[in-house]
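Trainee: As they're listed, the protein sequences go chains Y and V.
Quick note: the first sequence, position 420, residue 420 per our numbering, numbers continuous.
Quick note: the second sequence, position 37, residue 679 per our numbering, numbers continuous.
Watch out, some of these pointers could steer you wrong.
[Stated by the list, open to error] Covered by chain Y, according to a simulated footprint, are these stretches of chain V (three or more residues, beta-carbon under 8 Å):
1. 662 to 672
2. 695 to 701
3. 763 to 772
Since the hints were derived computationally from the structure, they do not count as laboratory data.
Even for Gly, the Cβ is constructed at its ideal location relative to N, Cα and C.
Residues per chain are reported as follows:
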Amino acid sequence: MKKKKIGVYICHCGGNISDYVDVEKVRQAVEGEDIVFLAKTTMFACSDANQREMVNDIEANGLTSVVVASCSPKLHLLTFRNVTQRANLNKYTYVHANIREQASWAHSDNKIGATEKAIHLVKAAIAKANYAEALETNKVKALKSVAVIGAGVAGMKAAISLSNKECEVVLIEKEPFVGGRVSQWDSLSTTTETGKEIVNRLYNDLITRENITICTNSEVISNKGSVGNFTLKIKKTPRYISTSFHPEDLKKAIEVCPVEVPDEFNFRLTPRKAIYKNYPGEYPQTPVIDLKNCTRCGACEKVCPAVNFSEEEDIIEISVGSVLMATGFDPYTPAYGEFGYATSENVITLPQFKRLIDEQSDTLVYKGKAIQNIAYIYCVGSRQAKGDNTYCSRNCCTSTIHAALTAKNKFPDINNFHFNRGLRTYGKQEILYADSLRSGDIYLQSYEDGLPTVTIEGKKTIVKINDILTNGKEIEVEADLVVLVTGMVPRADNKVGTLFKLPKGRDKFYNEIHMKLRPVETVIDGVTIAGACQGPKNIAESVNSALSAATKSYSIISKGELESEPLVATIDPDRCTWCGACEAACPFDAIMKSEKEGKIIAAINNAVCKGCGMCAPVCEPDAINVTACSSTEIMSMIDALV
Amino acid sequence: MGEINRMSAKILVFSTEKISDPAIDMAGLMKLHYPPTVYTISIPCSSGIKPSWILHAFEKGFDGVFIAADGSDCVYGETCTEKTGALVGKTHELMKSNNIDPARLRMAAICSVCSEPFVKQIRSFNEYLLKTLHA
Ligand SMILES: Cc1cc2nc3c(=O)[nH]c(=O)nc-3n(C[C@H](O)[C@H](O)[C@H](O)COP(=O)(O)OP(=O)(O)OC[C@H]3O[C@@H](n4cnc5c(N)ncnc54)[C@H](O)[C@@H]3O)c2cc1C
Ligand code: SF4
Ligand code: SF4
Numbered sequence: 001m002k003k004k005k006i007g008v009y010i011c012h013c014g015g016n017i018s019d020y021v022d023v024e025k026v027r028q029a030v031e032g033e034d035i036v037f038l039a040k041t042t043m044f045a046c047s048d049a050n051q052r053e054m055v056n057d058i059e060a061n062g063l064t065s066v067v068v069a070s071c072s073p074k075l076h077l078l079t080f081r082n083v084t085q086r087a088n089l090n091k092y093t094y095v096h097a098n099i100r101e102q103a104s105w106a107h108s109d110n111k112i113g114a115t116e117k118a119i120h121l122v123k124a125a126i127a128k129a130n131y132a133e134a135l136e137t138n139k140v141k142a143l144k145s146v147a148v149i150g151a152g153v154a155g156m157k158a159a160i161s162l163s164n165k166e167c168e169v170v171l172i173e174k175e176p177f178v179g180g181r182v183s184q185w186d187s188l189s190t191t192t193e194t195g196k197e198i199v200n201r202l203y204n205d206l207i208t209r210e211n212i213t214i215c216t217n218s219e220v221i222s223n224k225g226s227v228g229n230f231t232l233k234i235k236k237t238p239r240y241i242s243t244s245f246h247p248e249d250l251k252k253a254i255e256v257c258p259v260e261v262p263d264e265f266n267f268r269l270t271p272r273k274a275i276y277k278n279y280p281g282e283y284p285q286t287p288v289i290d291l292k293n294c295t296r297c298g299a300c301e302k303v304c305p306a307v308n309f310s311e312e313e314d315i316i317e318i319s320v321g322s323v324l325m326a327t328g329f330d331p332y333t334p335a336y337g338e339f340g341y342a343t344s345e346n347v348i349t350l351p352q353f354k355r356l357i358d359e360q361s362d363t364l365v366y367k368g369k370a371i372q373n374i375a376y377i378y379c380v381g382s383r384q385a386k387g388d389n390t391y392c393s394r395n396c397c398t399s400t401i402h403a404a405l406t407a408k409n410k411f412p413d414i415n416n417f418h419f420n421r422g423l424r425t426y427g428k429q430e431i432l433y434a435d436s437l438r439s440g441d442i443y444l445q446s447y448e449d450g451l452p453t454v455t456i457e458g459k460k461t462i463v464k465i466n467d468i469l470t471n472g473k474e475i476e477v478e479a480d481l482v483v484l485v486t487g488m489v490p491r492a493d494n495k496v497g498t499l500f501k502l503p504k505g506r507d508k509f510y511n512e513i514h515m516k517l518r519p520v521e522t523v524i525d526g527v528t529i530a531g532a533c534q535g536p537k538n539i540a541e542s543v544n545s546a547l548s549a550a551t552k553s554y555s556i557i558s559k560g561e562l563e564s565e566p567l568v569a570t571i572d573p574d575r576c577t578w579c580g581a582c583e584a585a586c587p588f589d590a591i592m593k594s595e596k597e598g599k600i601i602a603a604i605n606n607a608v609c610k611g612c613g614m615c616a617p618v619c620e621p622d623a624i625n626v627t628a629c630s631s632t633e634i635m636s637m638i639d640a641l642v
Numbered sequence: 643m644g645e646i647n648r649m650s651a652k653i654l655v656f657s658t659e660k661i662s663d664p665a666i667d668m669a670g671l672m673k674l675h676y677p678p679t680v681y682t683i684s685i686p687c688s689s690g691i692k693p694s695w696i697l698h699a700f701e702k703g704f705d706g707v708f709i710a711a712d713g714s715d716c717v718y719g720e721t722c723t724e725k726t727g728a729l730v731g732k733t734h735e736l737m738k739s740n741n742i743d744p745a746r747l748r749m750a751a752i753c754s755v756c757s758e759p760f761v762k763q764i765r766s767f768n769e770y771l772l773k774t775l776h777a
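Given the sequences, and given the hints that come with them, work out the whole structure.
Mentor: Next comes the structure, spelled out in structure tokens:
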């Protein structure tokens, strides 16, 4: 083996690494190694300047391998492989050491320990680089189709964007109707279009496209395979109503249905029937029977021939190259008694308030009482000092001010009092705040340690605050209605996330690989995320991320083939005795019996082998190694780690 | 090694690129601390670990070896659990015949979001190793 000339770069990552790991000490510890030609520290290894320096170093010194010790390989393995490629060095000669997630951050409580560990990790990477060989990538077929899960604005917009790219799209929506949360909002901030109009516009576009299949009332129940070829099983629940129906008959069927359940679309403010549609213009146009609550009394069947209880659940199987997750969010549900929630009948949430003002005209009435003073309590379930949701839900300040203004325009007699924690109407949304001030809305503010209180005194609901804008003065408002400005939380039903093993962040929303550099990709290859399932977003932000995720999902599969790592099993013909154990162990049938120079041995089909290595431990004569993961490499890493 | 580290055992973790690596990375991101003498080697799949690697680690001075197994999440198929179990069983036998306490090799399924379970497992393994080897 020709002696290696390795270049080692140790990253500060601003201070993310160097605040806990003494990077200079790491550099000194490895620079003397026989095969290390140069060892440098760098403020940001991924910066353009450093990448250029690496290319120069490789070319000027004829380096044969490069090691970068920085963040997780999930973030920058590809970046640095590309750097070596730009310097005409085979990218598989690059080796990555993770000294951020697995040293500086994991051991931020112990700087000496973190530094020692980083030294060992870099030495192990150098040991591996000593054996790293130049390799050529394999190609595998990628299906040019994407499953978009969730038909809210994010999912619908992503599907349209993918359809423009000549890609087959299957849009899967769990609910009977499309649109997600936006269909629940009428008036919207920063646009004159209503939520329902936006949803209808998107749907009307979707249905004209031949390469989009829309599955409503459908859920993914299993997932097999990997990037390029995922096989999904989808369970389709019937609507129990045929698509050719007479509208008058259906109207009658809804009227005669004796079942009433709280209407989740109206956030339980009103009841709905077991046979229903959330609003008249809703898509798809066919209503649905909610069999969980239907008593099968048969009343609807009698007046409407389109009702068909014999429809059966269907399981379909689809294969796609990539999956785009757009399952959205749930509004936060306050705890029992939180600011009087559920204990006072004058306390509701922001989503309920939006439904209330959208549904009413002339005078604002709640529970039979005309409403004049409205107190909005901000940041309920967000920015919690005691609680898990420490994040800001971003959208609710704007939505509240917008809803308060909408209410005032519609019901001029009301007075709005905003009990806030410092407003976050960023960007153009600030204009709304200015409008609200001009309209006479009153703003009272506190910090997290002096939250407002809601007390019930007889029939009165009193909201009190020590207002920091008036030097901590105690101010109270007798409110006819208290609106809790509830933020966004991850969907309570996360079965689909578990199915795809999508990692969640500290806020429990789905986590991207890198907030700034890879904002729509996940660590699960081929699965991207869009919209509010990733964290609180308004519509514009949800659509932005949807377009970005659609482009990313498409770019993965657009060539119809994927480059797969050339990491395959290899057989040592001298050791192999053809016992067949490896053939039986391989889950992909990549091993077969063959003859080489008169000897019967095992042979690997490189196009099929995935490099999992399942065959290696079963081989008694130890004839199998996986590229880049051979016994020599692993054992030399172990030697370096001790 | 620094004073502060004397109280932790040397543990080699075999972790998998797609499944348990993200969990271990996220443990770091969430600053869930565990002993700094825990080192990870990434491999494609836990069912590809050779018993000889594990024995090599003990021979070279590791106190314990922890396999962060793919379990039923393995991207290479459902036989992974059974095969990883088999190689652990085989290694335990080899350890016994070499007079190594088989409990110094542990395995647990660590999925891509199992950061907390990973840290819990490692801390308890560390305690076991300190008690049995360094008491
Ligand atoms: C009170 C309130 C007021 C708001 N007002 C405004 C405003 O005025 N202006 C503005 O820009 N934004 C507003 N927003 C934000 C807006 O609602 C979101 O930006 C938007 O809903 C995000 O769209 P989405 O598609 O990501 O998620 P969602 O709207 O939540 O849609 C997700 C879709 O995925 C489906 N789904 C979930 N799980 C599955 C599954 N397992 N399988 C299949 N499908 C699934 C859901 O049924 C749903 O249809 C407001 C939010 C709130 C809470
Ligand atoms: S957007 Fe406003 S109300 Fe919502 S959590 Fe952030 S600061 Fe609070
Ligand atoms: S298990 Fe080993 S000896 Fe047996 S056929 Fe496969 S490579 Fe040859």
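Trainee: So, for every hint listed, does it hold in this structure?
Mentor: To see whether the hints hold, each was checked on the structure:
Figure legend: the stretch 662 to 672 of chain V, annotated as covered by chain Y; annotation consistent (10 residues with Cβ-Cβ distances under 8 Å, at least 3 required). For a cut-off of 8 Å, the count of residues in the stretch 695 to 701 of chain V with a CB near a CB of chain Y stands at 3, and the three-residue condition holds. Look at the stretch 763 to 772 of chain V against chain Y: 0 of its residues bring a Cβ nearer than 8 Å to a Cβ of that chain, fewer than three, so the hint is violated.
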